[in-house]
Amino acid sequence: MSNSSREEILHTIRKRLEGVGRDEKKISVDTKRNFRSETEEVQKLIDESQSALITQFIDELKNVNTNVIEAGGEEKAKSSLQDLIKEKELKSFAIWESQFLKEINLKQELKDSGLKLITAKNKNRIAKADIGITEVDYAIADTGTLVLIADKNQPRSVSLLPPIHLAIMRPENLARNINDLFIILKSKLEASEDITSCMTFITGPSRTADIELSLTLGVHGPKELYVVFLL
Amino acid sequence: MQLNNPKRPLKVYIFITCLVDTFFPEVGESMVKVLKALGVEVDFIEEQTCCGQPAFNSGYQDDARVVAERFLSIFDKTLRDEPGKDTYIVCPSGSCTSMVKVFYEDIFKNSPELLNKVRHISQKTFEFSEFLVTVLNTVDVGAEYSGVITYHDSCHLLRELGIKDGPRELIKSVKGVEFKEMELHDACCGFGGTFSIKFPKVSVSMLDEKIECIINSGAETLVSSDMGCLMNIGGALSRRKIPVKIMHLAELLAKRG
Amino acid sequence: MGFEEVRFEQDSEKALRNKSLQKALVNVTNRFRSARNKASEEVPDWEDLRTSARKIKKETIENLDKYLLILEESVKKAGGKVHWTKDAEEASRIIVGIAREGNVKSVVKSKSMATEEIELNSSFEDAGIKVVETDLGEYIIQLAGEHPSHIIAPAIHKTKEDISKLFSEKLGIPHYDKPEELTKVARERLRSEFLNADMGVSGANFAVAETGTIVVVENEGNARLTTTVPKIHVALVGIEKLIPRYEDLSLFLTVLARSATGQKSSTYVSFITGPKRSTDIDGPEEFHLVLLDNGRSKILASEKTRESLYCIRCGACLNNCPVYRKVGGHSYGWVYSGPIGAIITPQLMGIDKAPELPFASSLCGACHDVCPVKIDFPKVLLELRKNVVESKKGGTRVLERLGIRLWRFTVEHESIYKITNKLSYYFQLPWKGSNGKLNSLPYPFSRWTDQRDFPAVAKKTFRETWKEIKK
Chain A
1 MSNSSREEIL HTIRKRLEGV GRDEKKISVD TKRNFRSETE EVQKLIDESQ SALITQFIDE
61 LKNVNTNVIE AGGEEKAKSS LQDLIKEKEL KSFAIWESQF LKEINLKQEL KDSGLKLITA
121 KNKNRIAKAD IGITEVDYAI ADTGTLVLIA DKNQPRSVSL LPPIHLAIMR PENLARNIND
181 LFIILKSKLE ASEDITSCMT FITGPSRTAD IELSLTLGVH GPKELYVVFL L
Chain B
1 MQLNNPKRPL KVYIFITCLV DTFFPEVGES MVKVLKALGV EVDFIEEQTC CGQPAFNSGY
61 QDDARVVAER FLSIFDKTLR DEPGKDTYIV CPSGSCTSMV KVFYEDIFKN SPELLNKVRH
121 ISQKTFEFSE FLVTVLNTVD VGAEYSGVIT YHDSCHLLRE LGIKDGPREL IKSVKGVEFK
181 EMELHDACCG FGGTFSIKFP KVSVSMLDEK IECIINSGAE TLVSSDMGCL MNIGGALSRR
241 KIPVKIMHLA ELLAKRG
Chain C
1 MGFEEVRFEQ DSEKALRNKS LQKALVNVTN RFRSARNKAS EEVPDWEDLR TSARKIKKET
61 IENLDKYLLI LEESVKKAGG KVHWTKDAEE ASRIIVGIAR EGNVKSVVKS KSMATEEIEL
121 NSSFEDAGIK VVETDLGEYI IQLAGEHPSH IIAPAIHKTK EDISKLFSEK LGIPHYDKPE
181 ELTKVARERL RSEFLNADMG VSGANFAVAE TGTIVVVENE GNARLTTTVP KIHVALVGIE
241 KLIPRYEDLS LFLTVLARSA TGQKSSTYVS FITGPKRSTD IDGPEEFHLV LLDNGRSKIL
301 ASEKTRESLY CIRCGACLNN CPVYRKVGGH SYGWVYSGPI GAIITPQLMG IDKAPELPFA
361 SSLCGACHDV CPVKIDFPKV LLELRKNVVE SKKGGTRVLE RLGIRLWRFT VEHESIYKIT
421 NKLSYYFQLP WKGSNGKLNS LPYPFSRWTD QRDFPAVAKK TFRETWKEIK K
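Chains as they are written, first to last, in the working numbering: chain A, 1 to 231; chain B, 1 to 257; chain C, 1 to 471.
Simulated from the structure, these hints should not be mistaken for laboratory data. C-beta: ideal position from N, C-alpha, C; glycine also. One thing to keep in mind: the hints can contain errors.
What the hints assert, rightly or not - Straight-line Cα separation of at most 25 Å, SDA-like style, residue types lysine to any residue; simulated pairs: (1) K374(C) x R22(A); (2) K175(B) x Y145(B); (3) K81(C) x D151(A); (4) K164(B) x T279(C); (5) K33(B) x L195(C); (6) K160(C) x E212(A); (7) K460(C) x G84(B); (8) K459(C) x L184(B); (9) K304(C) x V244(B); (10) K374(C) x L184(B); (11) K33(B) x K231(C); (12) K11(B) x G84(B); (13) K184(C) x S250(C); (14) K78(A) x R22(A); (15) K231(C) x V20(A); (16) K123(A) x D177(C); (17) K152(A) x T279(C); (18) K128(A) x K231(C); (19) K304(C) x V20(A); (20) K470(C) x P25(B); (21) K374(C) x D48(C); (22) K304(C) x N116(B); (23) K81(C) x V29(A); (24) K418(C) x K164(B); (25) K386(C) x K160(C); (26) K184(C) x N67(A); (27) K15(A) x E90(C); (28) K81(C) x K78(A); (29) K109(B) x K298(C).
Stated by the list, open to error - Sample of chain A residues at the chain C side, in silico, Cβ under 7 Å: (30) V20; (31) D83; (32) L84; (33) I85; (34) N124; (35) I149; (36) N179; (37) T208; (38) G221.
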């Protein structure tokens, strides 16, 4: 049974490591780093270099075949989205019920324009949605990565099942690099007990090079990724 | 060709390696010639035979250890008896030098007395090009040779000892040499000691790749610092009647117009 | 596809004769190698990152029991279940058991070397449960009934014509020429599998002790689907995949993609902690972490080989290995190939099952140069060679042992050494060719002279010449 294997495995490990000098008190996951103050420092550096970060981020997005729509304001963003819907003849959508998207009333406006709203609660239905719309929790400038955190208003499948994923974001979502991001995340983690069941890093649309190393986009995940950057 | 004036006279003991001693004595002779021309006193301890690497690499570590101990004792004793001189052990092989400088530390790590000898010896042990460049501070030894040369980085020399630029500087300083870097110059030639006999077809396929790079470089002569590599590559070149010469770095540096 | 014995010499010779494989190997290793070089050069403190990554792995492995307990606690806290399995048989049994309990009829799998190690698919098949590989490369080799030939690109030994033929035979579709068309077929076929599957099985690149998070890195999106859509998610993770803290991920993710494919980041990285929360709209209802030992704890004992467990499965060693790029993954006889295969297969399966592998290397060290956690492959290989020799005392290595005895006797006595050289000079004459070299020699040295000339013993050895030149 699993329990006795547990004991056996632990016992074997301990026995095999007998020769290693181990300081029992030193085994801990606490590094004594002050993530809160590190976050403050990092945030300052991010703010100072924001316009350079934006440029870098947009370049990196393009490097990984992400379509970038730079929108100077909410109205521009919404009209770009409408253009896309028309161009691709999209009929249905799934969307996050997240704070910013609610603020700009995007869901209702899309419904009003004739698009069918698909809920994420039914996996078969959302797989048939033409587009999934989300915002981002964070973004990483030097790799062109979007960071999405699952919660009650932010289902995972919206950015996964429909063939097109569109993410709306703002400059304040940006971090310079993955180091920054983990400092920020860790500090948040320390402040609250809860961790999300699923955080996803997304860098470009789905791809493979498994057949003779030739790059093909759109394997299982979304074939196309759009980022609407509200500048 | 100026030698930095050392505070004390330099004396080099040749660590000849069994391969050079038995099959390629001209490499040893060249080394002696070059060193003497640079004003270095050269000596040779006749009791030496092998450093133990063939057994060590084949998994026979107990046998290797016995042979290594003999090597250590011979060199340690001799070098301790030279109080007035800066003594060095110079070797025309990256792999044998690595054995002493890198692997001996591990073999004898549980024997403090022998470990002492290892430390005494290994800090004095240098591969030939390394000795010229870092101890004698010399890259131009006054050699002359007309020809297009390419260089093969032997694995232990490059990766265990970190020697990469020195040999190239030495080659480029030879009057009349046109140096051409080949592709995959740091890829293994397929020798690997007994590997070449245990898996000959794999070894030769690696050799094929190396030979293709040599030919593509346009070089007429291949230079390297390890006779293991050179006998492997040279053996295929001669079998296939490909007219590229092989030459140990020491031989090149001993050439005079 | 079961594991029997590694037959490196035999399989490597076959691989060398396979022209399309040779072409594919040159392609894939060149591409990945230059991409990795470029990606690592872009990171100014790359060498420091490697040092730090190794340090964290060392810390983890040397305290593995402690960190495993922390991991277990964290996973449970997040609502997941933890199963400890000591070998392949137990792991398969437990996973099939989870499926049975959940009334699972079909399973989707994302890429996991550990699941191949335990041959999970055949256990599912034996239990009458349908299992589908969803990673395109793995899907291809599942259809073909083969082992992966590369850690990152498992089907790289197949040309697109091979794959087109395979798809049309096994899936009953017309022949497609282009990779995009073949990929589209896979996408459509597998989409319905994802939606209908009751259980998803994944591996993990890392398991974070502090938070109980498993991390899955991929490009296709199939791992996201596997770990999101079905109601049960099982993650099979080798115990060595552990890292202590959440923020350690920043370092490891930086070195992983760059080392593997040269990408700055792979397309998707999923950080999964337990099953869905009660307020989540989607996600699996059950999360099971199956910890796999299968010989890993045995490797802990030897200080010289313990670092084999640091591996983060990036495949950089394969792409840089001059042997791998000639012989390909199948020559290594099991799911792990290249330098990492050469060191862990004998340790996990037993030296007696793979005695050739530690010798199937020229010890060049190119792997060590690129390993993100600085595994010293030559050092480990030398130790394993010692183990092979010691385990076969008096066995099949009689000739070699005799040779070593003779060699040792000769080099321990300078006078014998000198006589041997002198005698060799005369005895070699029958084999000496017109070019002054030895053109043929008796076995085992015929293995050299079959394709290369061997140098002749010099008439006057250096030590003989020395007597003259020392003056």
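Give me the numbers of the hints this structure contradicts, sorted from smallest to largest. Result: hints 4, 5, 7, 8, 9, 11, 13, 14, 15, 16, 24, 25, 28, 31, 32, 33 and 35 break, sorted rising.
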